[in-house]
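Chains as they are written, first to last, in my numbering: chain S, 27 to 368; chain X, 394 to 805.
Bear in mind the hints are in silico, worked out from the structure with no lab data behind them.
Where hints are given, some of them may not hold.
Only pairs whose alpha carbons sit at most 30 angstroms apart, straight line, appear in this in silico DSS-like list of lysine-lysine [said to hold, decoys possible]:
#	chain 1	residue 1	chain 2	residue 2
1	X	Lys-765	X	Lys-672
2	X	Lys-700	X	Lys-771
3	S	Lys-76	X	Lys-672
4	S	Lys-107	S	Lys-148
5	X	Lys-406	S	Lys-148
6	S	Lys-112	X	Lys-700
7	X	Lys-406	S	Lys-358
8	S	Lys-37	X	Lys-765
9	X	Lys-406	S	Lys-58
Note that the structure is predicted; figures quoted are calculated from it, not measured.
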Amino acid sequence: MAKVKVSQQDKALRIGIDLGTSRSAIAASNGKRDWVQSLVGWPKDFVARKMLGDRVLFGDEVNEHRLSLDVVRPLAQGVIKSGTEKDEESVAELIGHLIDLVGPRPRQKIFAAVGVPAEALKVNKQAIREAISDYAEKLIVVSEPFAVAYGMGALDNAMIIDMGAGTTDFCIMHGTMPSVDDQRSLTTAGDYIDEQLLGLLTERYPDADFNMNIIRAFKEEYGFVGDSLTQVEVEVRVEGRLVVHDITNEMRRACESILPAIAETAMDMIARFDPEYQDQVRNNIILAGGCSQIAGIDSYLMEALSEMGPCNVTVVDDPLYAGARGGLELAKDMPYEYWMDM
Amino acid sequence: MGNNGQTGQQAFKRTILHDVYRSNLSAEKLLSLQQRGQRRQRMGRWVRVAGLVVILPLMGSGAHSVFPGGADSLPPGKSAAVEIAAAGWNSGLPPLIDDANAGVTSSQEMPVSTPMAPHRRAFLSGRGAVAPLDGSDGPDEWTVPDGGISSASDYRVLLDRPAVALADLFGLEVRTIVIDPGHGGEDPGAIGPSGMLEKDITLEIARLLYERLVRREGLRVFMTRDSDVTLSLKHRVEFARENSSDLLISIHLNTIPNDPMTIVETYYFGPPADEHSLKAAEQENRRSDYMVAEFGELIAGLSDTLKQQESRRLAAHIQRNVYRTLHRSNRNIVNVGIKTAPFVVLLGAETTSVLAEVTCISNTEEEARLAKPAYRDKIAGALERGILSYLKQSGRQQGRPPRQWSTTYGKS
Ligand SMILES: Nc1ncnc2c1ncn2[C@@H]1O[C@H](COP(=O)(O)OP(=O)(O)OP(=O)(O)O)[C@@H](O)[C@H]1O
Ligand SMILES: [Mg+2]
Ligand SMILES: [Zn+2]
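One chain only, chain S, in its complex shape (with noise of 0.2 angstroms):
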C-alpha cells in the first residue's frame, strides 16, 4: 500500500471515541462533539416498525419505545457484547451513530483514537476493530482512564480514578503508557450507588413508587457526600398523589458507599509506586467519570487519602467529554506511520 500523501491526511477527520457502558462520546477534529447513551434498539416487529420505521434507534429513543424494541446495551458489563448477530452489529451500529453525530464531510477519510473500559480493551480488540472497520480509515484502541490522562496532560506522576456507572477505573501514569499493573477495575460505581439509594429509599418508604430511572436522576441532580448545605427533597407517588419526600441521609449513604473502596484502591495503588515519586502522585489525583460531578466528592476523597500524607484531587472541569477529548488529543498527536491500517 502506497502512504498517503500529506495533503490527504490532513484532510482526515480525527476522532476520539469514548465507548462507556452507560454512555459513549465523541469529539471531532471539525470542532464538534455529542454524547450518546450507550443503547441500541431494534424495532421488535411489524407493528413496530409500520411505527418507528426500518430503523436503528440510539440513546434516548432507545428508552422512550423500550417496549417497541429489541435493546443491546453494546458494552454491558464493560465488556463488547457477543452472541447474537444484534449483539454483534451493536457496536458497530453505536459508533456509526456517533460518527454520524460529527458529520464529515462525504468520502472523508476517518482516523479514530477509541478509548474503551480496560476490560474490553483486554478481550475485545479485534472486536472493536471489526465494529470500527466501516467508518475509519486508520485506529488505535487505548483504555478509557488513560486517554483521560492523556487528554489532561496528566503524563507523569498522576492517577487517573474513572468513575462510571459499571466500573471504576484507575490508572497510574508515569511517563509511559500503563502496564497491567498500573490499572485497576472495581465494580462499585454508579449503577452500585444507584442499587444503594433505591434499597435505603424503599425501606424508609414502602409505599412510595420509586424506580430506577427516578432513582438515577435524583442521583444526577443532588448527590452528594460529606456535609450537606440543603435537605434534599424530592416528590415521589404514593398511591398515585405525589408526596414530599426528605431523602437527604440516604442520598448521602449512597453516594459515600463507594468511597471506601475507591480510597482504598487508590493508596494501595499509590503504596506500590515508586516510593520516591509517591508524594507526587498524592498530589496529582484526577477524577472523571460521570460520578466524579457528586458534590463533595473531592475533598471527601482528599480527607480521606490524607492519612498517607498530604494530597490534592481534583475534578476534570468536564467529566462528559474527558475520554473523546483525550481519545481527541491522542489521534491528533499520532505520528501518521504509527496508525493502524483497517
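With the hints as your guide, set chain X with the ligands onto chain S.
Only chain X with the ligands this time, still in chain S's reference frame:
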C-alpha cells in the same frame, strides 16, 4: 510550567505515543513477546507447525471455545498438546461436515494428533487459492515468532487476523462462491434515467468482486456469466449446483419508479415481506425458465431451514457492509435491511444464497456514481467484506475448525 517541564512533557508524549503504537501493533502482529514471561501460566495448547512452536491457550469447553469469546475463561493449568503433522495429509478435499462439534470437548483434554493440509491450493482445480478469511494480506506478512504465542489475547489474534491461512492451520475446507451478475444479453434489467443498464453494472461489479475474492486463499470463485449473454434463472441455479457452490450471491440494482429515494436491501428466500418485495421478485423472476411443476418441486424442497438461517446471516453481513459503505458517499441512502422474497434464483440454489439489490439505478445521482469505476469497486469491496465476515463467523459458530481434531484424534 517552565521550559524544562515543557520539554519533559514532550518527551513523555513521544514515549507514550510510541507505547500506544506498540500496544496496538502487538495485538495486530503478534509481537508482544516481551511480556511473555508472566503470562506463561495461563497457556494451553501447543501446536507445532513446521518446526515453529505456537502456544494456543485452551478455552472453556466445547468447540466454540476454541475460537475467540472465551479465552479469558481459561482455567489455569488446563492444557493439552496438539501436534499437527503436515505429513499425515494426503487425500483430497474433505467433505463438508456439519456435526463439527462432536468429540471436541474430549479432545481438549488429551494430546491429539491432527493431519492437516500442508497447502490446500495443491488440490484446487478452480480459480482461487487458500487464504485467510478476514481480509488480511497473506502468508508473507505473518510469522509465528519462534518464541511462540504466549497469551490468550495473542491467540485471539492468531485466529482473528492470521495472515497464515486458517484453512492451513486447522483444515478448513475450501469454500466455493458463485457470483451471479443479474440479467444480461436480451434482458437488460432495470434502466436508469439516462439509459444506464442494470445488466452492465451488475457484470462490472461482479467482475470486481471476483477479482477481489480470487486473491484470497481458501476460496474457489465462479461467475455465472462473464459477458453480456442471456441466461435463464434456471441456468444460473444449475450452474451453482454443478459447481457445488457453498455460497451464491446474485447482484442486482434496484429501481423505484417515480421516487428519487435510494435504498439498499438484501434478500434471502422466503415469502414476500411486503408489496415491494413481491414486485421485486416478480421482476427478477421473469426469465426463470422453470415449468410450473418444477417450480412446485422446488418449493416443496424448501424444508431446508438451515440453509435459510445461513442465508439470512449472509444477507445480514452483506447488507450491513454495503449500507455502511454507500452511506459514506450518500447520506440519504436508506437501509431497508434484509428481507425475504420468493426469488427463483435463491429458491433453486441448494446452498446459502442471497440476492443483493446494492443500490438504486433509478436515482439520477446514484446512476452517475455507478458510472464511476471507483464507486463500483467500492460496492464490490463492501460485498467482499460481507462475504468474508460471514464466512469467518460461520467458521467460528459452527466450530468447523476443530473438526479435524475431533474426528482423527489419537496418538501419533
Ligand atoms: N451529575 C451527576 N452526578 C452524579 N452522577 C452522575 C452525574 N451524571 C452522571 N452520573 C452518573 O455517572 C455514571 C455514568 O458515568 P460515565 O458516563 O462516566 O459512565 P460510563 O463511562 O458509561 O461507564 P463505565 O466507565 O462504567 O464504562 C452513571 O451512573 C450516572 O448516573
Ligand atoms: Mg467511562
Ligand atoms: Zn435485477
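Hint check results:
| no. | hint | verdict |
| --- | --- | --- |
| 1 | X:Lys-765 / X:Lys-672 | holds (29 angstroms) |
| 2 | X:Lys-700 / X:Lys-771 | holds (28 angstroms) |
| 3 | S:Lys-76 / X:Lys-672 | holds (20 angstroms) |
| 4 | S:Lys-107 / S:Lys-148 | holds (14 angstroms) |
| 5 | X:Lys-406 / S:Lys-148 | holds (23 angstroms) |
| 6 | S:Lys-112 / X:Lys-700 | holds (20 angstroms) |
| 7 | X:Lys-406 / S:Lys-358 | holds (12 angstroms) |
| 8 | S:Lys-37 / X:Lys-765 | holds (23 angstroms) |
| 9 | X:Lys-406 / S:Lys-58 | holds (25 angstroms) |
The structure is consistent with each of the numbered hints, conforming to all of them.
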